[in-house]
Amino acid sequence: MGKLPGTITEENGFVKAEKRILLEKAFAQVVLTKICVREYGFTSFLSQYNTLVTQRLHQYFPAAFQSIIYMAFAIFVHNSSIRNMPFHTAKSMLSVNDKTTYTEKYFSLLLLDIEGWREQATTYMQSFIKPNDFVLVDMTNIFSSSENIRYAKEGYNSDMVFERQFNLMYIYSPLLVQPVFYRLYSGNIREVKGFKLCLQESGIAEAVIIADKGFYSKANIENMKAEGLHFISPMKRNNKLIQYEKLQRKDLSYFKFENRYIWYIIHPDDGGRRVFLFKEEQLMVQEEKDYLDRITTLPEYYQIKTFHEKNERFGTIALLSNLETEDAKHIYTTYKSTSNVEIMVDGIKNILHAYRTYMQNEDALQGWMFINHIALHGIISFITS
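In my numbering, the protein residues as written are 0 to 384.
Don't take each hint at face value.
[To be verified] Straight-line C-alpha distance at most 25 Å; calculated SDA-like pairs for lysine to any residue:
hint, residue 1, residue 2
1, 217, 309
2, 90, 351
3, 192, 218
4, 104, 63
5, 192, 246
6, 288, 305
7, 98, 118
8, 192, 215
9, 224, 324
10, 217, 139
[Unchecked claim] Label-pair restraints from in silico Cβ distances:
hint, residue 1, residue 2, range
11, 267, 309, 19 to 29 Å
12, 142, 213, 52 to 62 Å
13, 37, 2, 28 to 38 Å
14, 107, 142, 14 to 24 Å
15, 176, 282, 19 to 29 Å
16, 355, 235, 27 to 37 Å
17, 104, 218, 42 to 52 Å
Read the hints as simulated data drawn from the structure, not as lab findings.
As the structure is a prediction and not an experimental result, all values here were calculated from the model.
Heads up, the beta-carbon is just placed ideally off N, CA and C, and yes, glycines get one too.
Can you build the whole structure from these sequences, using the hints too?
Dropping the structure here:
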């Protein structure tokens with residue numbers, strides 16, 4: 000049975016149905032050729048949660064802040080190449096009142112200009128840095144096949160990938176829960192020297208570096224001392240400096256963290272620093288269960304004898320630090336904030352897909368990395384909102 004067009008009466012003949020009349024009036028006012036579909040969700044999110052970034056960009060890049068936002072939007076939402084940025088910009092509510100015609104050439108030239116704005120970019124990033132804030136520093140590798148990028152050096156990373164690459168070092172603020180500064184380094188620059196240079200450029204006078212799990216080595220610790228850097232560094236469980244024999248309950252102190260109790264002892268290492276040895280009961284139970292399960296499923300690799308040998312290490316975290324005044328709870332909670340850095344690195348590589356760059360010009364590379372930095376702010380804001 001079809002739609003009712005109307006009724007026929009002896010007095011008035013055919014009379015259109017009221018609903019049909021309303022529909023005809025509605026469609027008469029719509030010109031289908033003028034309908035435009037635009038993205039709205041990110042624009043709404045930006046206006047609610049990322050206003051500080053927009054304000055700071057307007058402050059330090061008054062002539063190009065809007066274009067920087069367009070490019071960061073295209074990368075964040077669409078993983079866009081420069082070629083497709085004009086299309087994504089035109090289809091976003093971000094540009095609904097912008098009458099400028101954007102082209103691929105326009106955005107390419109903008110990248111080249113941003114290196115000339117390095118001073119403004121540095122000042123922009125410094126504006127997010129707060130005094131007396133611990134910093135988490137992480138270095139990750141970015142692949143590049145360009146012969147024109149002096150940062151790109153042949154080498155390998157922790158995944159044993161032998162390609163031309165350069166290093167991207169980030170300073171992360173636990174206080175602000177976001178990355179605040181970055182710097183590019185050649186692939187052959189070592190981490191400790193990079194820490195020092197990055198902190199100097201950022202303007203951070205007093206900082207405590209929270210290293211990652213793969214950082215600890217005697218050479219790195221001595222280099223940190225030589226550079227005058229304060230640090231908290233996790234130690235591998237087989238490190239001979241850790242005195243597990245002191246983990247007797249009667250000798251332990253404790254504090255409460257996230258509604259569970261953490262036991263700990265503090266003892267010196269061989270260089271006048273302090274080793275903080277923590278034991279988490281929940282982590283211990285989980286690790287014991289995992290090991291016993293592996294004895295059942297992989298008996299050729301795991302035996303009950305080894306379980307008893309390693310039993311005292313289950314559930315432990317050992318941190319080495321040259322801080323002299325901070326207590327164990329502060330050291331522990333500060334280190335635990337490193338999980339946010341892992342989220343940041345994951346955002347760089349797996350959301351922005353910035354683990355590889357095809358830039359053929361060093362100025363353009365600097366611009367491209369700055370745009371990715373702005374997009375990374377969007378990711379962090381989205382995750383923490």
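Of the hints stated earlier, which fail here? Going through the list in order, the structure violates hints 5, 7 and 12 and respects the others.
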